[in-house]
Structures are given as C-alpha cells and as structure tokens.
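Just so you know, the sequences run in chain order C and F.
Heads up: the first sequence begins at 110 in the working numbering, then just goes up one per residue.
Heads up: the second sequence begins at 215 in the working numbering, then just goes up one per residue.
FYI, nobody ran anything at the bench for these hints, they're computed from the structure.
From the three backbone atoms N, C-alpha and C, an ideal C-beta is built for every residue, glycine too.
Be careful, since some hints might not be right.
To be verified - Per label pair, the in silico range of CB-to-CB distance:
1) Leu220(C) x Tyr266(F): 49 to 57 Å
2) Leu380(C) x Lys504(F): 51 to 59 Å
3) Val305(C) x Gln427(F): 36 to 44 Å
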Amino acid sequence: MKGRPELYTSYAQDTAFLNTRPKRAWTGVLVVVALLMPFAITDDLLMLLATGFVAAIGAIGLNIVTGYAGQVSLGHAFFLAIGAYTGAALSGDPDGRVLGFGVTSLPVWLLASGLVAALAGLVVAPIAVRLRGLYLAIVTLGLVFLGEHIFREWTSLTGGPGVGRPAAVPELFGVRLDRPSELFTGPQQLYLLMFVLLVIFGVLARNLVRSRIGRAFAAVRDRDLAAAVIGVDLTRYKALAFAVSSFYAGVAGSLLFVVNGFFDPGSFGLLLSVQYIAMVLIGGAGTISGAIMGALFITLLPRITRELPAVLPFISADATGAVTVFQVEAVLYGLLIVVFLIVEPRGLFGIWVRVRNYWRTWPFSY
Amino acid sequence: MSEFLQSLIRGLGSGSIYALLALGFVIIYKSTRVISFAQPAFMLAGAVLVSYLAAEVGFFVAVPVAAVLIAALALGVERTVLRPMIGKPVFVVAIITIGVDVVVRVVTNAFIGLDVRQVGDPWGLSTVSLLGVDVQQRYLVMLGTTVVVVAVLFAFFRFSRIGLAMRAVAYDQEVALAQGISVGSVFALSWAIAGGLAALAGVFVATGAGVDQQLWVIALKALPAIILGGLDSLGGAVVGGLAVGVVESLVGTYQGDVAPWLGPNFALVAPYVLMLIVLLVRPYGLFGSKEVERL
Numbered sequence: 110m111k112g113r114p115e116l117y118t119s120y121a122q123d124t125a126f127l128n129t130r131p132k133r134a135w136t137g138v139l140v141v142v143a144l145l146m147p148f149a150i151t152d153d154l155l156m157l158l159a160t161g162f163v164a165a166i167g168a169i170g171l172n173i174v175t176g177y178a179g180q181v182s183l184g185h186a187f188f189l190a191i192g193a194y195t196g197a198a199l200s201g202d203p204d205g206r207v208l209g210f211g212v213t214s215l216p217v218w219l220l221a222s223g224l225v226a227a228l229a230g231l232v233v234a235p236i237a238v239r240l241r242g243l244y245l246a247i248v249t250l251g252l253v254f255l256g257e258h259i260f261r262e263w264t265s266l267t268g269g270p271g272v273g274r275p276a277a278v279p280e281l282f283g284v285r286l287d288r289p290s291e292l293f294t295g296p297q298q299l300y301l302l303m304f305v306l307l308v309i310f311g312v313l314a315r316n317l318v319r320s321r322i323g324r325a326f327a328a329v330r331d332r333d334l335a336a337a338v339i340g341v342d343l344t345r346y347k348a349l350a351f352a353v354s355s356f357y358a359g360v361a362g363s364l365l366f367v368v369n370g371f372f373d374p375g376s377f378g379l380l381l382s383v384q385y386i387a388m389v390l391i392g393g394a395g396t397i398s399g400a401i402m403g404a405l406f407i408t409l410l411p412r413i414t415r416e417l418p419a420v421l422p423f424i425s426a427d428a429t430g431a432v433t434v435f436q437v438e439a440v441l442y443g444l445l446i447v448v449f450l451i452v453e454p455r456g457l458f459g460i461w462v463r464v465r466n467y468w469r470t471w472p473f474s475y
Numbered sequence: 215m216s217e218f219l220q221s222l223i224r225g226l227g228s229g230s231i232y233a234l235l236a237l238g239f240v241i242i243y244k245s246t247r248v249i250s251f252a253q254p255a256f257m258l259a260g261a262v263l264v265s266y267l268a269a270e271v272g273f274f275v276a277v278p279v280a281a282v283l284i285a286a287l288a289l290g291v292e293r294t295v296l297r298p299m300i301g302k303p304v305f306v307v308a309i310i311t312i313g314v315d316v317v318v319r320v321v322t323n324a325f326i327g328l329d330v331r332q333v334g335d336p337w338g339l340s341t342v343s344l345l346g347v348d349v350q351q352r353y354l355v356m357l358g359t360t361v362v363v364v365a366v367l368f369a370f371f372r373f374s375r376i377g378l379a380m381r382a383v384a385y386d387q388e389v390a391l392a393q394g395i396s397v398g399s400v401f402a403l404s405w406a407i408a409g410g411l412a413a414l415a416g417v418f419v420a421t422g423a424g425v426d427q428q429l430w431v432i433a434l435k436a437l438p439a440i441i442l443g444g445l446d447s448l449g450g451a452v453v454g455g456l457a458v459g460v461v462e463s464l465v466g467t468y469q470g471d472v473a474p475w476l477g478p479n480f481a482l483v484a485p486y487v488l489m490l491i492v493l494l495v496r497p498y499g500l501f502g503s504k505e506v507e508r509l
C-alpha cells in the first residue's frame, strides 16, 4: 500500500506495535533524545530522570492491574517493598550489618525481585479475585499497613526504621555501574541502565496488552460478568494481572533506591501507593506511554516545587515558614489528581491525543 | 481477670471512636455509593477546632459547635467538589476524596504547628473504679456518647421523614428521585452527618493524648471496621468498629506473651489481619449485602 500508510488491510497491521508512521518517527526521535540526554544535562538531573524511569516501570505495572484489568490496587507500595528488599538482600554484603547473599549480578537479582514479588501477588490473589471495587481497594490498602509492620520489625533484613540498609548493588558483567568508569560518570551509567530497562519492560508490557491476554484484561475491566460469559476465566486472568503487576512492582522496587544507594522501611507507606495511583491517573489509565509520562511528571514535581520560592516569595524553602514547599507539594498532589480527573480523565495521554488530533487535520481542525 | 476487663473496656472505648468514623463512611457510601477518604481530614479538623474553641467557650460547648462547623465544611466540600462528579466511576470519585483529604489536612496542619495541642477535656487520664476494676473515665465517656449518638442516628433513619428519604436514596436513587426526593440534598446531608461524626471522633481521639499532626492515622482504622461489618450496613459499622477496637486492645495486651515473634506494635495491624480473615470467609463482610449482578 505504497503512499497510503494509514490504510490497514489486516488486523495484524492495526494492532501492530507502532501502527502509524508518525508513531514510529516520534518514538525514534524520543529514544535518540533520551540517549543523548546524558551529554546535555547535569548529573543531579540525570539521577532524577533515572528515578523517574524506574518509577515508570512500577507505574506500568500498576497500570496493568488497575488501568487494563480494572482491579484497583492501593497495595503497590507493598510489592515495591518486596522487590526492594529481595534485590537488596540478594546483592547485599554477606558480612554486613544486615542480611545479604552477595549475588551482585544485576540480571539475577532483578529477575529474582520480580519473581518474588509476583509470587506475593499470587498469594494475595485468592482474596483479591473474590473482591470487587472498593472492597478490593481497602484490602490492598491493608496489605500496605501489614507490609509496613513486617518491614519495620524484621530489622535483620531492613535495618529498622530510621536506620535502613544499602540498596541493591548494580553490577553488570563485573562492572559497578554506580561508580564512574573511564567513559561515563556514575549517574550517566545509571541513567542509561534505567532507560534501557524501561524500554525493555515498556515493550514487554505493550506487547502483553495487545495480545490475547491484554484483551481479556480489558474485557474484565469493562464488565467482568460479560467477560465471564464470553469465556474469559475471571479467576485466572485477575490472578494473572496481579502477578504481572507485582512482577513489575518488584523489578521497579529493586531498582528504585539504587540511585540513592540507601533506603529505610518508612519509604513504603500509603503515600507511595498514592503516588503510583497518581502517576497512573495523571498519566492516563490504560496506556503504557501515559504511565511513563505520569511517572516522570510525578518524579519531577518535587523538583519543580523546590524552584517555587524563587518565583513566589511567600513560599518558604525550609520547614519553618507559614507556607512551605513541602505543604505546597502535598497540596499539589491532591489538587493535580482532582483537576486531572475532572478536566481530563484520560490524563496527560489524553492531552497528547488532543494535540495530535489537532495537528493531524491541521489547518482544518474544527 | 481485671487485666482482661481493663483491656476490654479500653478496646470498647477506642472501638467506639472507630464506630463513629465507620458510621460516617457507611452513611456516605449508602447514599452516594462512594467511599470518602476525606474522613481523616475532617476528624483532624474537628479536633483542632475544638482545641481552639475550648479555650474560649469551654469544652462542652466547643464540641457540638465544632461538630456543626465541620459538618458545614463537609457539606461545602460535597457541594463544590463532589457534586460535579456525580455519574463518574466510583473509583475516580474515591480518588478525588483522597485529594480533598490531603488539601484539608495540610491546611489544618498549619493550625497545629509542631506542638501537641490540648482539647481541654475534663477527663484527661484520670480513672474511676468500676466493679473493682480501674478504668479510664474517658473510655466510659466515649462508649456512652457513642451509644447515645448511634441510638439517635438509628431513630433518625427509622422514624423521621428525612431519614426515610435517605433510606429510599440508599435503596434506589432513580426511584427515590421519581418519588420527589431531592437526591442532591440527601448526598449533602449524608456528607454533613459524616463530617459531624468524624469531628466528634476526632475530639475523642484527642482526649488524654492531645492533637498532633499524626492524629489522622487513627481514622484509617475505620477502614477495616467498615469492611468487616460490610460496606452498606450501619449496624455492621458499629459492630465492626467495636470489634476492631477490642481486637486491637486485646492483642496489644496479650500478644507480647502469647506470640512475641510477631513483633511489638502488632496490635496496630491486627485489625487488618482480622479483616483479611473475615473476607476470606465472607467477601461482603459480616452484614454487607451481596451484590446482585445481571448483564
């Protein structure tokens, strides 16, 4: 079909990975820009972006269970925590203060973290598949509190609250990626590592959701009873959605603190779950690229609010003034979620779709 | 035995706080089909308001005034933020209430500051001897007040015209609308009642210990309570609240001896374990009505 790129003659074409020419072009541009980024911006911004990429992996996971399969989970922080501690314990120093097994090879502990978290997801699944809507949301919320308790008390693993433990060691083929090498600085390497991992897991997720399984998820989300009638095994697919989502959470969790190098059990509270929900909702539920946009947006948000005192002098930069940046930040989370849900329920992705559609038919876009 | 009784009464006292909060959740859920995660913020705001008012007009005037003011605040929130969201998916609305919660809480925190504020209650930590057991007065007050409030509420729903309207809306919103009931005002009223109950609960939490920025966490204990009792059962909310309080208190008393490997402070998460166990057996809670589905 030369010269008619948008004419689809087969279903496979329609559901292809990048089904339009502009999508292919823009994805290429984005990847190139992201790869050139380390040479353009400073290391602290790179570290922030790297954290954002990891958060994006986690947000994709939450999006699979909440956005695609429609099972609202507030328990994402719990699975992130399981991944974080599995990764940290596997790669930790065997003679250290906290539990460690000294398996520092990144692919090994990355996969192990994902699998352990997925296993935890499967353990929870029997309860979760029986519940719907708000019951499920509150039960998964309960998981977060239980997890917080376990990780607070299991000090030989976690180091205890306020003390913490070192995060997983990012070593690939014998090279420590968090230490500077001859070519790159540590943050540059971590940035590139996280970017590559995000691309891998993003492509995997995209392929999953446009497969038979993904369509089953969407059917369960839209009307689970109708899905059951047309032959979707509800128990199986709900459990699968939880397992896959937890796998992503585990992977993201194990990487989440690699950039900082240190974390304590207080990090995995309700706030973290709400942040991930915010990423999915602000980015756009039920889209992979939306989850990535949302994750980057939420991760960069504190950085943006830190700049506010320079612009708005009544906001104080430390914790003492009448209106502090921390309060502004907390309020912003709430306000942004509310504003997005009311004004643009499809999130950042929806804004992008509107922009795209405007220019697609330009100058006749009315 | 006296240790057991003390623990039991302590549990019933704090359980009545959870019951008040849970009632608010359930009342909002029944009329609007949404869980309001803004309850913690209203609870905190109520306690803070009393801590300011009590110094001016005395504790016993401050509490009802604060309850009414917080009810008005909740009503205002419903009218401005929630009313435009009618018809949106319940989960979206629930998330919006989280947003409301964060905003109200941050604003309230600015009035607390870093110190602990006292609500000026006359009981403090003083005890009274009941059947030979020393119990703190405040627990008895909590339990007594809750019994009265619950009785008034149930009478209101059972015997008053507005209560009937609310029950009709809870049963079927469209049919209620067709009967000439203003569903919107029922939504607003249920938010107001829930706000007032939350404020009352906030004051009770603050008696003895005072108000600090972490007070709102207590309100999350009402969540296992409502799930335990069933999301749409008022009686279930009361039973669930009391059960959560008693379990928490008894576990706190005996778990250290019986199962020390669970770690200190296990009592704080025990309600969630209870919730999970109940849900394994009854997915709609103890008294919740099973959802009937058709295509």
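For each hint, the structure was consulted:
no.: 1; hint: Leu220(C) x Tyr266(F): 49 to 57 Å; in the structure: holds (56 Å)
no.: 2; hint: Leu380(C) x Lys504(F): 51 to 59 Å; in the structure: violated (34 Å)
no.: 3; hint: Val305(C) x Gln427(F): 36 to 44 Å; in the structure: holds (42 Å)
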